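All chains, full assembly: derive it from the sequences and hints.
Protein chains: 4
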Amino acid sequence: MNSLGRLFRISIYGESHGSQLGVLIDGCPAGLAITEDDFVKDIMRRKSGAKGTTPRKEEDSPILLSGVFNGYSTGAPIMIAFQNKNTRSSDYANLFTFPRPGHADFTGKMKYGGFNDYRGGGHFSGRLTLALVAAGVVAKKIIKSVNIEAKLIEAGGQKNIDKAIDYAIENNDSIGGIVECRAENISVGLGEPFFDSVESVLSHAVFAIPAIKGIEFGVGFKAASMFGSQHNDALIDISGKTHTNHAGGVNGGISNGNPLIFRVAVKPTSSIAKPQNTINLKSGNTESLKIEGRHDACIALRMPVVIEAVTAIVLTDFMMLEQKLDRIIPHD
Amino acid sequence: MNSLGRLFRISIYGESHGSQLGVLIDGCPAGLAITEDDFVKDIMRRKSGAKGTTPRKEEDSPILLSGVFNGYSTGAPIMIAFQNKNTRSSDYANLFTFPRPGHADFTGKMKYGGFNDYRGGGHFSGRLTLALVAAGVVAKKIIKSVNIEAKLIEAGGQKNIDKAIDYAIENNDSIGGIVECRAENISVGLGEPFFDSVESVLSHAVFAIPAIKGIEFGVGFKAASMFGSQHNDALIDISGKTHTNHAGGVNGGISNGNPLIFRVAVKPTSSIAKPQNTINLKSGNTESLKIEGRHDACIALRMPVVIEAVTAIVLTDFMMLEQKLDRIIPHD
Amino acid sequence: MNSLGRLFRISIYGESHGSQLGVLIDGCPAGLAITEDDFVKDIMRRKSGAKGTTPRKEEDSPILLSGVFNGYSTGAPIMIAFQNKNTRSSDYANLFTFPRPGHADFTGKMKYGGFNDYRGGGHFSGRLTLALVAAGVVAKKIIKSVNIEAKLIEAGGQKNIDKAIDYAIENNDSIGGIVECRAENISVGLGEPFFDSVESVLSHAVFAIPAIKGIEFGVGFKAASMFGSQHNDALIDISGKTHTNHAGGVNGGISNGNPLIFRVAVKPTSSIAKPQNTINLKSGNTESLKIEGRHDACIALRMPVVIEAVTAIVLTDFMMLEQKLDRIIPHD
Amino acid sequence: MNSLGRLFRISIYGESHGSQLGVLIDGCPAGLAITEDDFVKDIMRRKSGAKGTTPRKEEDSPILLSGVFNGYSTGAPIMIAFQNKNTRSSDYANLFTFPRPGHADFTGKMKYGGFNDYRGGGHFSGRLTLALVAAGVVAKKIIKSVNIEAKLIEAGGQKNIDKAIDYAIENNDSIGGIVECRAENISVGLGEPFFDSVESVLSHAVFAIPAIKGIEFGVGFKAASMFGSQHNDALIDISGKTHTNHAGGVNGGISNGNPLIFRVAVKPTSSIAKPQNTINLKSGNTESLKIEGRHDACIALRMPVVIEAVTAIVLTDFMMLEQKLDRIIPHD
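One line per chain: the protein sequences are A, B, C and D, in this order.
Here the first sequence is numbered in the numbering used here, starting from 54 and rising by one per residue.
Here the second sequence is numbered in the numbering used here, starting from 54 and rising by one per residue.
Here the third sequence is numbered in the numbering used here, starting from 54 and rising by one per residue.
Here the fourth sequence is numbered in the numbering used here, starting from 54 and rising by one per residue.
Worth flagging that the hints you see were computed from the coordinates, not collected in a lab.
All figures in this text were calculated on a predicted structure; none of them were measured in a lab.
Each statement offered as a hint is correct.
Below, simulated PhoX-like cross-link-like pairs (lysine-lysine); rule was C-alpha separation at most 25 Å, straight line: (1) C/Lys377 - A/Lys197; (2) C/Lys194 - A/Lys377; (3) A/Lys377 - C/Lys197; (4) D/Lys327 - C/Lys275; (5) B/Lys377 - D/Lys197; (6) B/Lys194 - D/Lys377; (7) A/Lys275 - B/Lys327; (8) B/Lys212 - A/Lys275; (9) B/Lys377 - D/Lys377; (10) A/Lys275 - B/Lys204; (11) B/Lys275 - A/Lys204; (12) D/Lys194 - B/Lys377; (13) B/Lys327 - A/Lys294; (14) D/Lys275 - C/Lys204; (15) B/Lys275 - A/Lys212; (16) C/Lys327 - D/Lys275; (17) B/Lys343 - A/Lys294; (18) C/Lys294 - D/Lys335; (19) D/Lys216 - C/Lys275; (20) C/Lys216 - D/Lys275; (21) D/Lys275 - C/Lys275; (22) B/Lys275 - A/Lys275; (23) D/Lys212 - C/Lys275; (24) D/Lys343 - C/Lys294; (25) C/Lys212 - D/Lys275; (26) A/Lys335 - B/Lys294; (27) B/Lys294 - A/Lys343; (28) A/Lys327 - B/Lys294.
Now the stretches of chain C that chain D is said to cover, found in silico as 3 or more residues with beta-carbon under 8 Å: (29) 152-166; (30) 237-245; (31) 276-283; (32) 287-294; (33) 311-323.
Glycine included, each C-beta is placed from N, C-alpha and C at the ideal position.
Rendered as structure tokens:
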């Protein structure tokens, strides 16, 4: 389904080159102060412009179409829309025949029988992460006591991120990266045993973001080469604080009160200026494809704020399920 | 929630030391031939007995309590139960006060206000993966054209798995491991853009298994250090086959027809014979804890069949959503 | 799906002539005192034995298989099972060919391709309302401040219920009835605008009970012939109390604090001793069918406790959604 | 939740006096030809203008914002919006203090702590049925082989509908009515036993429409006063056709192939020009309230198309669940 969350539920819509995109938020408590200015900071963090990100610029101003009245959420569904103003559809006219490697051009065409909007990836476009970021802003406001921070800790396998990006740009290529996210001041008891463990629900949300190919909690894959005596985190007080945090803040699928820590692997941007081989779906012949248009050399650069957004959305939902949040937020 | 899946939905129940545990399966097509013998092979693969696994033995015979009539599924909910016969609850009497490091003893107690059944981990116990395996057997029968195979490819950081386990046992310790799962003959078009991507739903299911701390698809974390020109998989024919399979069979969240490949990180068994520090939740003092009872030195050894099970469950659901399966299975 | 509820969710399983039936309850708060004795009263109310109900007697003792420990709910899924001990399957052997009018014999056979367990209606049997009653007992304990009472107010179109039943029995026939349910001490604000209105969710649950063919809230169908000036309930204090209660306690889909009142129409028992015509599904010929076995002359007699049960289940869910209930019930 | 449906899912948003309202449709098959003209007929049927309906006129032109490309659905979420152009918010400024009898003014205020948009009923407004009608148009196109027709069969308790409405208008009052809906050419086997019976899911959807207070299937409440020998519908051929259709096309919760028939009770419009008593929520005093603005004398007049819409939505979902519909609609 095109939705995420049980009590705080978001649904997104739109296409890269359609007239607009947006997010419908269901379950936001009434009484949350919301203005369009609240979105500026996170939208700017996601925005293009930095080196290694696409020069395509969008105004990306959120329009609050429902669910907000006199500056406060009403409890009714909140619709937030963004206009698409700066599209060059002609760039993409031949994707229908020449699927770009690494993109959803082929899978989208097959899944939807060729009816999908292929322009700029259509509904599969990373541009829809703008809607996730907008929903994340609302979620962060709801759970303001939780501090969530994601950052790019590595790109192209290197800690010297700028240098790695320069190299990729010079070579008409792209690189991947690793983003680490840390959420502090999480209450004990979020998540469910088994199917709705913290890791289950969070990874579900994180893999909804295009280009993510791996996730690990705490020491993650390193745990596989550790001894139990090394990996186990010893409790050091009755609040649940542990000496180490190899588990990343989760035991048995349930938050243990220590910082929630996870890392995600972001693949290199699929669109590169360098020519690549693909199949001509009409003729069946292999042909060389040169992707025109404007692209990010390192999409991972724009990921931290998106990762934070889905983390905030998931934590909001978990906290609602545990009744850690008011259904009506009292006036300040 | 205690359930997984949209059209093929499973719910589990039970505790490590309760009278029984089981799984309720909703949405199984009518007409599937099912006998109790069908479960033997996978239950044996999960069972204890191999070196490095707990000597606790359960008969683990499934009892089909509903939804099967004259040897065929009826379309009604299928209830499969397993008796717990060989429990030694006295081993666990003091977990209420001395939470075991790495286990859910502390989080479970906090989440449920001390009402949780703490014996052997209660509902959090890995014993409930038996219910997952049983549901997986049914799922595998439904999607018999898909070939799913998981195996332990590394334990304690080494390819020489036996040796690593011997070492851990000698040291009263435990080790983790990495399991790789490969599913072949997957149709193109499974999964949804964004929230119900193949990676989202599969990772959700995989992290429902206790002890999993990471998952990666295709080259996974290695993607973060690759160039786009290296990582992109070039299409080589119009069926979607690609030259390489760095993506692990998924583009834009949708299956592309190539083998679905992922790896998971299994942490070392939390229960070890070696003494560990924990907090006495009554006094607040740090005390040394020696865990009695029977434990696996390497729980990852028993994981492949559980990973296969949840993969089969997820793929069954995806294939139902895409109408790739009959609602009524015709007689052979 | 075979489940009801968002936060307090029940799933049922079993067949009339299978080995057992039961209910899996997910989302019960931890700390609720539960013993098998708690179920006796409501199970007796549903039980056969009164005039007009089937002489088939079942012991109907609930077995608590999981989720209860030391007399209290643990927060884990609660499995409650009932054995089927007194079944005479031979009574039903020919339903496969001769579908009984009014029953699900034909629709069940078509839906499941003939694989359904047809004995005594199989999974469609009214016997499964026993599982609903059991779940209702748990729900009533959770929302003990709410007083729910359903009663049969009319049978066979008459207020003199005994006489109507006598007449039906004498004539080898059956009769329907009307059950009215009233729930008092409901907090204001339950339900959602539109899709999850109180009426929506409650009617969804009520129509899950076999034999129900209509539901109306407050004055119900009479509202269609009233003027607005008559029907509108005037508020008489700021707590929401109204002078009349034509709306049955719901405005705009939301509970208004006045008693929730609804009535349901129960059709006459489909099984009657009188011969009826049906189709021989093999030959296509019309044939006379005489239904053997034991049947209720007025199934509506056994309905009040089932109606109460689903009402309690729905209200529990609504109150959880509104955070009107503790997630952990403190010791008395 | 603010959504309806499992595979074909709709979510609505907006307020009576906000800038727009609309519906997000998830799960529409790809390849459905959709133009804005398709909506005209049903929107006109719902529109104001006929005697007894409000003189407020809206242009009510749907804007297709996503999910449609080159005239066909793409498989991605479809967003349909409607502008609110003709609002007079000043009419409603004092509803915050003086809740209108029969409306959600009081319940909405209590549920959302006074943050709700009270203008014209805000999100509770019947204006949002426009979004339902729009979704219904899409659903009807998907299940074009099914013929759904609803009509007003009675108003104010009379078959002479015009006369009843004239009388109400003359008296500054309003009247209710009864709408009957009939859906033909339904395949056998829709619906599930128990929780997702046809009656359960359909009544859930129908009660989502403001002003509905009762629903009955087939002979409905009359069944309560019938004998089983009268009520049972005898099968007359192996396709499932029955001699009578007292059951309204449903047995055991499953469609039996005969016409689906149900009736709903619509209460009189709550807004009337006649003065009424209400409570001043600030002072607690009873005061006389005269509702200004433009209102329908008989909201039931506008209901048939809304009832058809939710019926079409539910049947689409059921048919998808039974795989009776293509996931991709081939070109004509």
